[in-house]
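Could you build the full structure based on these sequences and the hints that come with them?
There are 2 protein chains.
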Amino acid sequence: MKVNGTPTRTIWPSADGQSVEIIDQTKLPFAFETVELDTVNEAAHAIFDMLVRGAPLIGATAAYGMALAMKTDPSDANMARAYKTLFEARPTAVNLRWAIDEMKSTLDPIAPEDRFARAMQRAAEICDEDVAICSAIGDHGKELIQVAYEKAGKSRAVNVLTHCNAGWLATVDWGTAIAPIYKAHDAGIPVHVWVDETRPRNQGASLTAWELYQHGVAHTVIADNAGGHLMQRGKVDMCIVGTDRTTSIGDVCNKIGTYLKALAAKDNNVPFYVALPGPTIDWTLKQGRDIPIEERDATEVTEMTGKDHAGKLHTVRVVSEGSRAANPAFDVTPNYLVSKLITERGVCEPSEEGLRSLYPEQAGAWDDK
Amino acid sequence: MKVNGTPTRTIWPSADGQSVEIIDQTKLPFAFETVELDTVNEAAHAIFDMLVRGAPLIGATAAYGMALAMKTDPSDANMARAYKTLFEARPTAVNLRWAIDEMKSTLDPIAPEDRFARAMQRAAEICDEDVAICSAIGDHGKELIQVAYEKAGKSRAVNVLTHCNAGWLATVDWGTAIAPIYKAHDAGIPVHVWVDETRPRNQGASLTAWELYQHGVAHTVIADNAGGHLMQRGKVDMCIVGTDRTTSIGDVCNKIGTYLKALAAKDNNVPFYVALPGPTIDWTLKQGRDIPIEERDATEVTEMTGKDHAGKLHTVRVVSEGSRAANPAFDVTPNYLVSKLITERGVCEPSEEGLRSLYPEQAGAWDDK
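Protein chains in written order, with our numbering: chain R, 3 to 371; chain S, 3 to 371.
What the hints contain is simulated information worked out from the structure, not anything from laboratory work. Errors might be hidden in some of the hints.
Stated by the list, open to error - Incomplete in silico selection of chain R near chain S, CB under 8 Å:
{"#": "1", "residue": "V149"}
{"#": "2", "residue": "E199"}
{"#": "3", "residue": "A207"}
{"#": "4", "residue": "H221"}
{"#": "5", "residue": "E323"}
{"#": "6", "residue": "A328"}
Said to hold, decoys possible - Each computed DSS-like pair below joins lysine-lysine, with the alpha-carbon atoms no more than 25 Å apart:
{"#": "7", "chain 1": "R", "residue 1": "K268", "chain 2": "S", "residue 2": "K288"}
{"#": "8", "chain 1": "S", "residue 1": "K314", "chain 2": "R", "residue 2": "K314"}
{"#": "9", "chain 1": "S", "residue 1": "K309", "chain 2": "S", "residue 2": "K29"}
{"#": "10", "chain 1": "S", "residue 1": "K268", "chain 2": "R", "residue 2": "K268"}
{"#": "11", "chain 1": "R", "residue 1": "K29", "chain 2": "S", "residue 2": "K309"}
Unchecked claim - Computed footprint of chain S on chain R; a stretch qualifies when at least three of its residues, placed anywhere within it, have a C-beta under 8 Å from a C-beta of chain S:
{"#": "12", "segment": "68 to 75"}
{"#": "13", "segment": "228 to 234"}
{"#": "14", "segment": "306 to 314"}
{"#": "15", "segment": "329 to 339"}
A quick note: this is a predicted structure, and the numbers were derived from the prediction, not measured. Cβ atoms here follow ideal geometry from the backbone N, Cα and C, with glycine treated the same way.
Right under this line is the structure:
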């Protein structure tokens, strides 16, 4: 999508084809800076330190990470090391696993001297495939917004609440949860987005707000606490969120706090949609409650970074001295709270049957349970 | 409760009896400072600017505000002006209304020259009554914690989740939601408190954490997003929250985000208790959805204040430039999500019948509906 009017992706090969460039998302919204990744370790750090975040972009970065490892040492042993390094950067990210598995199976049968070129090519294909997937999610989700617009008599903007950042910054382009919003906006359907700030890392206030502003979509940032009240008072037509991991029965693991919004949506008959690319689905897992939840550093809760009135950045402690903090990064929204899943292949029920209807080739995934 | 080992209240008359002193709670947790209020305007500003906050403490401050107005001009006209000034400082606070009504009816029949002395006396009585009420709430709530402790085989601390600050800083002493925790702690029952940071004003991270730390109660600060996940994983034995306003059928208006925690508690069979003093009940109102919700300044969402590593305070913008914010301050938790109400007269169902059983003298309140 656009940054200062220029179409931009979140990851792209450098001009000489020897490395890959990314947007340093930890600097947003205060500065727009790009970073060059030369090695698999740099790719892993970019994932771990969240210079890149969002399941699809993590997958794309991991794919390029495998490629970068092949540049200096294309041996099987180094491929195994690269796989391990990348996997451990973010063990709960299913796209990451998918991407490095895909790279490994592409590279395994190839002679070492051909691996780097093929790997860079395959990583670029993975990026293009992600763009196509997100665009398709956007097209399917746009229809749901269109229906809401017509239901409101085309008299006002459709109010969509979203949590965290599942916009184009979380993917290679378009986004997942925000793709339908961009598609609707670009098609002339008036949309207004309630942006959960998404504590503790504030990806909503810093990233989703930034990209919606850059693209010219109307939006309002709210505290994570506010969404339930807005739904009670009829100010939300639908929720659309992304997901880091979706189980084979449609349970959804997403940024901490997603579950609370899903509960409020259910209580107020507000449709709660989850947008996801096929590779996000973990066909090996049925129950969301079995997903291990990453506990991140407590300083993400106790400290915040922002810009003072003079334009200077500060990191400040906002929690009383002497008090400790806990920081679970994700929660699980059970499928009974999800209205529909929006995928690149269409919209389905959040159930084994629903997912089976769209991904029949995965039918075997259910047989052994 | 204790501050640096010294028993302290949140409001007290100055030594010469001509003014009143408060803790400037906007300075917490970074500094412990007291402020002297000399006039009704200073009292109103202390309420509006949230130097004092919490329904009971707002009531106590408003009572002293009426008294201060009588110091220089004890006329009926000035009493009416003072009433208006204080009422407009925080129109949604029912305790405020109750306190200024009480002061007015105490002072109306009295000769102007006697009004200041009587007003200071009555305001002090209102404070003492509040302490007695909160202490009784604590005693009744402590029994619920005792039961949970026994249910867990006395093998571990009881985990209580609370939202915002309904501790002693929100009252004159003891608190409402935290009073049961102090009573349990002081009685030797091990308690651990999950403290919602409570965006956008962070009263949990700054005030609740501060007062629990000062009193030596084990606690962990969490993002507001985390509570649902903790309940799903069995890490919360009960929620106890306060309320700014309770309707005659037990709907509860409290800090924004309370409703989301109540939904999660219901979904996970975690008891959700609301602690409230009798004067918080609005007997004239039945449906919580009819309560007007205060919209506060958007900068409370877009900016945060904290201390950098060098100990210097900064206010920083945390929301992307160009994006606007909305800031509803309260939400309504419908009575079907509340397990029990904890009052100074005991524990009851959140219903007309429940409240009637504890406050039979208010029976007339229901007759005209």
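- For the hint on R/E199, does the least C-beta distance to chain S fall short of 8 Å? Nearest chain S Cβ about 7 Å off; hint holds.
- Item | Given hint R/K314 paired with S/K314 - CA-CA distance at most 25 Å | Distance of about 14 Å is within 25 Å: holds.
- Message: Tell me if the interface restraint on R/V149 is satisfied: Cβ within less than 8 Å of some Cβ in chain S.
- Response: This hint is violated: R/V149 lies away from chain S, its Cβ roughly 25 Å from the closest one there, beyond 8 Å.
- Regarding the pair R/K29 and S/K309, is the alpha-carbon distance no greater than 25 Å? Given pair R/K29, S/K309 holds - Cα atoms ~21 Å apart, limit 25 Å.
- Given pair status - S/K288, R/K268, alpha carbons within 25 Å: Holds: R/K268 and S/K288 sit about 24 Å apart, inside 25 Å.
- Are at least 3 residues of the segment 306 to 314 of chain R within less than 8 Å of chain S when you compare beta carbons? holds (count 6)
- Task: Check, residue by residue, whether the segment 68 to 75 of chain R contains three or more positions whose beta-carbon lies closer than 8 Å to a beta-carbon of chain S, and give the verdict.
- Result: violated (count 0)
- Hinted contact R/H221 with chain S - closest CB pair below 8 Å: This interface hint holds because 6 Å falls under the 8 Å limit.
- Message: Given R/E323 as an interface hint, is its Cβ closer than 8 Å to any Cβ of chain S?
- Response: Holds, because the Cβ-Cβ distance from R/E323 to chain S comes to roughly 7 Å (cut-off 8 Å).
- Query: Quick one, is the R/A328 hint okay against chain S at 8 Å, beta carbons?
  - Reply: Holds, about 5 Å.
- Against chain S, does the segment 228 to 234 of chain R show at least 3 residues with beta-carbon separation below 8 Å? The restraint on the segment 228 to 234 of chain R holds, since 6 of its residues have a Cβ under 8 Å from chain S and three suffice.
- Query: Taking a Cβ-Cβ distance under 8 Å as contact, does the segment 329 to 339 of chain R have three or more residues in contact with chain S?
  - Reply: holds (count 5)
Going through the hint list in order, the structure does not satisfy hints 1, 12.
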